[in-house]
Amino acid sequence: MSELVRRYWSAHELVVIGVFAAAAKVSTLLVALAGGGMNPVSLLLKNLIYTTLLVVMLYRVRKAGTLLLFSLVSMLVSALLLGASITLLPAILLGALMAEASVALCGGYSRAWGPVLAVGVFDIASRVCSLGISWLFMRENPSLLMAAVPVVILGYLGAAAGLFTGYNAVKELRHAGIVRQ
Amino acid sequence: MRALFDNNAADAAGWLPKVDARAKLALSVVAAIGSLVVSNIQGQLLLCGFSMCYALSLRKPKALLWAYLFFTLMCGMAMGCMWIMGQFMPSLNKAGFTGLVVPFLRMLTMLHVVLPMALSTRVQDLLNALRGMRLPFCIYLPAAVVVRFIPTFLADVQQVTESLRLRGYRLSPWGITRHPVQSMRLLFTPLLFRSLRTSEDLGIAAELKGLGYGKTMTPYKTCHWALRDTLLLIAACAVLTAALTLQMHLGGTSLGGMR
Chain X
1 MSELVRRYWS AHELVVIGVF AAAAKVSTLL VALAGGGMNP VSLLLKNLIY
51 TTLLVVMLYR VRKAGTLLLF SLVSMLVSAL LLGASITLLP AILLGALMAE
101 ASVALCGGYS RAWGPVLAVG VFDIASRVCS LGISWLFMRE NPSLLMAAVP
151 VVILGYLGAA AGLFTGYNAV KELRHAGIVR Q
Chain P
1 MRALFDNNAA DAAGWLPKVD ARAKLALSVV AAIGSLVVSN IQGQLLLCGF
51 SMCYALSLRK PKALLWAYLF FTLMCGMAMG CMWIMGQFMP SLNKAGFTGL
101 VVPFLRMLTM LHVVLPMALS TRVQDLLNAL RGMRLPFCIY LPAAVVVRFI
151 PTFLADVQQV TESLRLRGYR LSPWGITRHP VQSMRLLFTP LLFRSLRTSE
201 DLGIAAELKG LGYGKTMTPY KTCHWALRDT LLLIAACAVL TAALTLQMHL
251 GGTSLGGMR
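As you go down the protein sequences, you meet chains X and P in turn.
Note that the working numbering gives residue 59 to position 59 of the first sequence, counting from 1, and the numbers run on in steps of one.
Note that the working numbering gives residue 51 to position 51 of the second sequence, counting from 1, and the numbers run on in steps of one.
Relax, there's no trap hidden among the hints.
Chain P is faced by these chain X residues, among others (derived, beta-carbon under 7 Å): (1) A21; (2) S42; (3) V73.
Worth flagging that the hints you see were computed from the coordinates, not collected in a lab.
Model, not experiment: these values are computed from the prediction.
Heads up, the beta-carbon is just placed ideally off N, CA and C, and yes, glycines get one too.
Can you make the complete structure from the sequences, with help from the hints?
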């Protein structure tokens, strides 16, 4: 009889993280394709959906490190499956670390607004860090980066709106008894 | 995206589908580091040339041409935006030839490396590779769930869009642009509920199967690191060393481009 192991995240919580990572990936890809690529409205919607899913996921799994794990898994699968560049991984991880640190400093995930704060900080920090990595790639001609800045800002506006829709979705789900914590 | 389908690698010719997924991932890490560190045009051309040979070994010229077309379109858009902004800020248009070519070569190198990985790896191989990387359980389980859940989620999306079509709604770029809130409610809300239900079902199934309670997992299939994987990584490191040597001899330090 093998010894039982107690883990920080239960298998159930890890499955929730995996399912939401897949849902975020597919739905954002779908909205981007359905909106016809560089459509500003679909760009806003894409980020709004991603942030909403992230907020709902963090209310389901309210543990320190969940956002970091979600980002790590999401980037790993993107790199393996969808051909995303591995260079974005440090930026996303740094953003997630900053979000986790800010939540820890403000009282942890047990606070009512803990998950919303985490996602809010993550959205800003990961975008700033990604722009930093892009600057490293285009350091010979930083003006190329200027073309990407409006797109990133537009995406961030969608993500900021996603914080409110996420919070509202959690309220509805709590009313329906799906999110219990 | 081809990696999402079961028989994706069956029609891919050449030696690339036989290469271990871990080797392909390690190669993309080496390429990322190389393209980031090297900042002179000769070194970047060397990296780009060798990565193109790697991409061509997939023997899928049509897919590569589509990727080039998309890449050209994106670069064209970036240049167009830069030109428009340059009309208002003339300092932006002062970039020289090297200033424009090196960033594009970096992106092209990454494209050459990640495209073959996505087009030549099976889902099962990915799962084996994830296990073979000896990742902690807290990373392996969600990653395996993502890989396994994406096709199911795509089927869910298809069901939702079909039901919307039955009710007279059509999802189109114009429709999404005109009615973003309505489109989001119609598409996103059912998908959120399906995700929650699936996560509940899969989570309970995982707990009932006792996943994560044992110290070790017994693999269904073991992945083998072959000689060709080692040779591929050695070749990648040799190309990176050659690019760095070119940079040192022909001018431009690794941080020389940062201005």
